[in-house]
Every structure is written in C-alpha cells, then in structure tokens.
Amino acid sequence: MPDALPLVDRTIDEVGSALRAGELTSRQLTEACLARIERDAERLNTFLSLEADAALEAADAADIELARDGTMDRPLLGIPYALKDIFVTRAVDWDGSPLAGGLPTTAGSFILEGYRSPYPSAAQEALERAGAVLLGKTNCDEFAMGSSNENSAYGPVRNPWNEETVPGGSSGGSSAAVAGGEAFFALGTDTGGSIRQPASLTGTVGIKPTYGRVSRFGMIAFASSLDQAGPFTRSVRDAALVLGAIAGHDPRDSTSVDIPVPDYAAALTGDVKGLRLGVPREYFVAGMEPGVEAVVRAGIDAFRELGAEIVDVSLPSTDRGLATYYIIAPAEASANLARYDGVRYGLSAGADELWENYTRTRGAGFGPEVKRRIMLGTYALSAGYYDAYYVKAQQVRTLIKREFDDVLSTVDAILAPTSPNVAFRIGDKADDPLAMYLNDACTLPVNIAGLPGISVPCGLSDGMPVGLQVIGRAFDEETVLRVADAYERAAGFSLLRPPTATA
Amino acid sequence: MASISRADVEHVAHLARLHLTDDEIDRMQTQLSNILEAIETLRDVDTSQVGPTASVIQLENVMRDDVATPSMPRDVALANAPLRDDPFLRVPTVLEEGR
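Line by line, the protein sequences are chains V and U. Take the first sequence: its letter number 83 is residue 83 in this note's numbering, and every next letter is one higher. Take any residue in the second sequence, count from 1 to its spot, add 503: that is its number in this note's numbering.
Keep in mind that the hints were calculated from the coordinates and are not lab data. For glycine and all other residues, C-beta sits at the position ideal for the given N, C-alpha and C. A couple of the hints might just be wrong.
Label-pair distances were calculated between CB atoms; the ranges are [to be verified]: (1) ASP547/U x GLU128/V: 48 to 58 angstroms; (2) HIS514/U x ARG344/V: 23 to 33 angstroms; (3) ASP428/V x ASP588/U: 45 to 55 angstroms; (4) GLY463/V x ARG593/U: 53 to 63 angstroms; (5) ALA541/U x ARG39/V: 38 to 48 angstroms; (6) ASP387/V x MET566/U: 27 to 37 angstroms; (7) GLU540/U x SER97/V: 47 to 57 angstroms; (8) PRO499/V x ARG593/U: 46 to 56 angstroms; (9) ASP319/V x HIS514/U: 25 to 35 angstroms; (10) GLY463/V x LEU586/U: 44 to 54 angstroms.
Reference listing, derived: stretches of chain U covered by chain V, where coverage requires no fewer than 3 residues with Cβ under 8 angstroms from a Cβ of chain V [what the hints assert, rightly or not]: (11) 541-547; (12) 565-575; (13) 582-588.
Whenever a hint applies, use it, and build me the whole structure from the sequences.
What follows is the structure, given as structure tokens:
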C-alpha cells in the first residue's frame, strides 16, 4: 500500500491483514476513525448518532479475540463501520430504561426523533457476530426517499470530493463516511438506487444484492418488494467480505431466501476472459452528461482488453422504469408509513382527539418528499385508480423483469452507467421532484426486477467520481463481484481518494 | 393529461391521515399533477397479455412453528410511548358524538 494514504483511507483487506498479523489493534483503528470523524463529520454532516465509548469497548473486545488463534475466517473482526440510520439498533434495556451505549434510530425523520429501538436489526446482529465495531448511525434521506440526502430532517450531507455537492442518496451519510475515511465500511439500503447512486457519486463501491439475499428484519420499511441492504466499501474485495457477513436466510424476514451463501471473496479471480457482457443501448439516456458517458464507455472498452466479449443488447422497457417505480414504491410506502400514528412510539402532536392526533402528528412529523410519496401512493391505491395505476405498474414490472431475464440468459452480466451525472450542487434539484427522480433512471429497473447490481468507480468527470454498474442474474452476486473486481484491478482507480484523505 | 383538483388532494390527504397546510395543498396539487403526467406514459404499454408482479421471488406462504416464545417485556414495549398510563398506552378520545 502507498505510504502516503492515511490509515483510515485504506481498505478492510489491508488493515484486516495488519490486525491479524498483530501490527495494528482494533482500538488504534477505531481511534483513527473517531479522530477523522472529530475532524470532518460535523462539517460533512455524515453521522446522526455516535457512541465513541461503546465503539472503543467493542474494539477492545475484538482485540482480545484477535490475540487468539482462528481469526482468519473472520475478515471483519475489529473493523470499524457505520450503519445507515434506517437500521434499528437496540437501545432499550430489559427494564425499559435507555441501554447504555445504545444508538437511537431516526430514519432521517422528525417523526422518529429520539426513538430507541427495543431490538437490533438482523444487520446489526450479523455484524456483531462478525466482530465488526459499530461507530454510529449515518445520515440519510427521510425514510430512504431521495437521491441527494437533502431530504433528511437533520440537514444535507456534503460530498467529501467537493463539499458544495451532494453525496447522492438516500444512503448519503454512508457513502460520504466511507469516501471520507470515517468508517471502513457502511451499510446502506437500496430501493431504487440508494446504495449504487451514492457510491457512484462518492467514488466508492456499493452493492445492492438480489432481493431476498439479505434479511430486511429491523430495516425500517420503505417499499417492501424493492428494499435491500448492502455495503459501501473502498474496494470490490471489501464489498465481498461484508456481503458474506450479512447475507443469508433469516426466518424473521419471510422474503429472505433460504439458499447457501457462497464464499464471495473466492469468486474474485481477476479473470473475465470469455465472459459475455451485455451493454443495453437504452441506458445511455438523453440528458446523460457527456463526460459520464465517455468515462463509462471507456470502462466498457477496458473489458474487451481483459478478454470479455461485449455484446450490444436491448432492454426496451427501460424508459418505463421510472413511471413503474413511482407507482409501486410510493404505493408500498404509503402502506408502510401508516404505522407512524403517534401512539406507540415517535412524535405525537398531543391533540385531544384520536383522528386529529393522527393527521396532526403525521403532518408535523413527515417532511415534504415523504408527504409527496404518501400522497402519490395513496392516490394510486385509492378506489377507482387502483387498476389504472397500481395493477398497470405491476404488469409493466413483469415486462421489465422478463426483458432482464431474457437478456441475462444470453449474457453473463450487464454493464451500464450507475448515474447519468456526477454529484450536483446542493440545492440544484431540490425544487424539482421529477428532475431528482431521474437520477435513478439507470438503477431503479434493477430493483423492479429484484436483481443484484454493483457500482464500481470507473474514473472522474470534471474531477468528480463516476460509477460503472454491473448487473447480474438473481442470486449470482459472485459474477457481479468477479466482473467488478477484474475491472477494478485493471483500471487502477482503486487508490483515488477525495481531498479529505489527508492525515 | 393528468391533473388533479384541490378537492382530490384534500380527499387523498384524508385517506392518508395527513394534515396539509393550505400552502402544502397548493404545492401538492401542482407537483402531483406533474408527476402523474409523467407516470401516465404507462398507459400506452400493451399489457393485455401480461400478469402483474407483486414480488420478484416466488415464495410459498411462510409459517413458523406454533411454539410459544416470550413476548417483549411490557416495560420495553412501552419505552417509546409518547403517552402512557402504566401498564397501558394512552390514546386520545376515540369516540366522539357525531362520529
């Protein structure tokens, strides 16, 4: 590793080897992250909550385990990380009092301000088992609805590459924290692009696994048929390591699928010779920035040199994705968000009549984008419109999925841009919901079809990162990771870091 | 051309149990109309021979074993309640004359 790169800006793979070799302790790593957080996090607005003492305690426990033998198969042992504040973290003790060191969960919303979950998410449990060290919870768009992190009730997050710009969304705090050296990895959630798009905008790696691959238990629901959890990391290998720790069947999520979890890191052969990779012409959309298109096309060309066969393919319903998504996702959201009623937890308006209390609580607690989506979803599900909107969208969903299945029966994976643009300036699209929605035009069809997709850095346009998206067959994260890793090794962008990467 | 009236917005807000200010209703009317106009492009997709997809994975109804397990302790369940009257949650008046 280059000596110039500060410790906190390196990969899990690098610092993990040093941990297991006894050259470094988890406490040192955790203290280094906390120092970077102390320096940058307030300015970037990456974290919504942080428990430094609890993190250091977990680091010390990891150091004790690291001192023992048999830690080779625990690649995340002692590695500091962050969770998007959409994953609940246990923060209530058995007697109902606040649990010491427990982190609150807000989902980026005022309606959950101060909420302390009585139980942990599957993600928190899995990463605790893996021995990773939880630093805190990252900022995000309210209820994961947004593409810029400007919809957080707790303010926008700044992109470490250029602090006047957005880090993408909705997992913007997670992408910025990983890009900025505040955590070695972070989990996000992806309903229409909320991992891949911010990964693209911050020069990080972000993978959305196949729907059903990672448990959604304890992940605050936005659109239940589309939501998936996944990691942000600084390398594809790191993404494989984290995915291996969080993937797998969980009986508490009835949509989690009971199939074995492969050794994802073992799939990273560096070899894509003979693979057929499809490039869908519809993904180079009008309105795409020329600089982004040039960098993505150069990335695709690099695969030819690696011996892959590039195939021109067509996904004709791609331009229906946005409309389909903006019926299905808000419809599901309007049902999921009905639970915020001011009775069992969260904000209560304190009105003296129940119905009044429902409407006042929700009116005061939800922000503009969440209200818009609740309204849109309620409208699409309301009597007289259900067939015309909701059923129609589900039918088009079938078409979109079928087209992906057909193409993926002739190619091993699909290459596409992740985002049509680089990070834009904070405020630039805030008043135009439709312009904002277009940010996810290249990512949301993948959620509609439930497929795995990864964004891997493929260069810079105007000095800002661009992501290349690799989309694969259902439950074939191995090929997706293998393709992205082979590219990453060949392309030489893996050492690109933002200006914050200074000691 | 999708356009929804102010009364439509008020009706949907009622269904969603969402209080909106007058300004919010105005903005919502314009923004929802714009979004619906974009969404209505789905109308010209031929779906006459296509079934709906509610979920991409084919799963049987998942049932767990019928075994009693401890519930969440009451104090834990009540810990986040905005209004409580131990050992209960407290809610505002539900029934009122004329409702």
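Provide an ascending list of the numbers of those earlier hints which the structure does not satisfy.
none
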